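**Student:** Please arrange chain B on chain G, whose structure you already have, making use of the hints.
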Amino acid sequence: MKMPHKTHLVIVIPVYNEGKVIRKVIDSLPKKLEGVGRISVLVVNDGSLDNTAYEVQKTQAILINLPFNLGYGGASIAGFEASRALGADLVVTCDGDGQHDSKDIKKLVAPILQNKADIVIGTRLKKSGHMPTIKKIGNWGLNFITFAVSRVWTTDSQSGFKAFSREAVSKIDIEGMGYEFCSEIIVEARRHKLKITEVPIKTIYTKYSKKKGQSLLNGINIVTKLLLSKLTRTK
Amino acid sequence: MIIFAKILSAVFALIVLSRSIVDYRDKKESLQMTIFWIVVWLAITAIAFFPFLVSEAINLFGGNRTGLGTVFGMGLVFVMFIAYRIYVKANRIEKHVAKLAREVALGELKAINKPKTTKNKR
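Listed in order, the protein sequences are those of chains G and B.
Oh and the first sequence: position 55 is 55 in the numbering used here, straight run, nothing missing.
Oh and the second sequence: position 20 is 20 in the numbering used here, straight run, nothing missing.
So that you can see chain G by itself, here it is in the shape it has in the complex:
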């Protein structure tokens, strides 16, 4: 699919209790990008119990509020639906805890702008020097599980920093409400024969982002839900 002349990029940030850092994350996002005509920032407040919504309202970002906490997947699906309503040609998903370097957005969208991919995964594991060992092991384990259910190998299936073409956003139909959403994207990409590519990204590990990241316990839940979703999926 050829990109329109004035490409509209929507950066989706699903957030839950990120009041301390969300403004800094939004302010760091690029205002202009080569090949992109317009950039909108969409924050999906996933039923936060802190001042996240108040902090977002101080910025230029578009805010939508889920009435209660749906989980990372539920908030991301809401972000996709809102992006379609906003007429997005390109969607980038980004975590709200400040672990992603906004300068990498340029690298993420490039393969889609060049029609080389439909989904681009920002992989932390090609530059995983600073990643805690336990997280590296957990991520590789989840990569294998994702490969087992999708037959697609990625080096960072759980990355929240991804870019999607308009076609990918319109075709992806996900039911997972939690972090299994990341693996389900890859399963869906395979089902719809969407092209996936990876680009290495930098990860900023602060005390805050380490605390907010997924735990090993969450990993067990991801595997359970992914397998249940695979077994019960009707489409």
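The set of hints was computed from the structure by calculation and includes no laboratory data.
Note that this is a predicted model, so its numbers are computed, not measured.
By construction, the Cβ of each residue, glycine as well, lies at the ideal position given by its N, Cα and C atoms.
All clues stand as given, with none of them false.
Now the stretches of chain G that chain B is said to cover, found in silico as 3 or more residues with beta-carbon under 8 Å:
#1 60 to 69
#2 73 to 85
Examples of chain B residues toward chain G, derived with CB under 7 Å:
#3 Ala-101
#4 Arg-102
#5 Val-104
#6 Leu-106
#7 Leu-109
**Tutor:** Coordinates of chain B only, in the frame set by chain G:
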């Protein structure tokens, strides 16, 4: 078979305990419910690893082992049936509620994007 039962109960216990602890940490479950599930699953795991505890409990209450297998078998079938019904209903409700929540949020977006109309003055 006993080893299989031990592994199975340990895996299920790990899943339930991790879910409960994560839910409690995210303030989605109360402390009482978290403690309840931890105690229940630790008890199940303990019985799986030390089956003589069941005999001890039966002897303690003055029972005998006659027909125990039948009772356990019937109980297991009933529990599986209840688990299946709860799973199906919870799954359906979760999907409906999530869709509703997203529609509420998207309604908010449509309200923001709605073009402001001005009435023509005569």
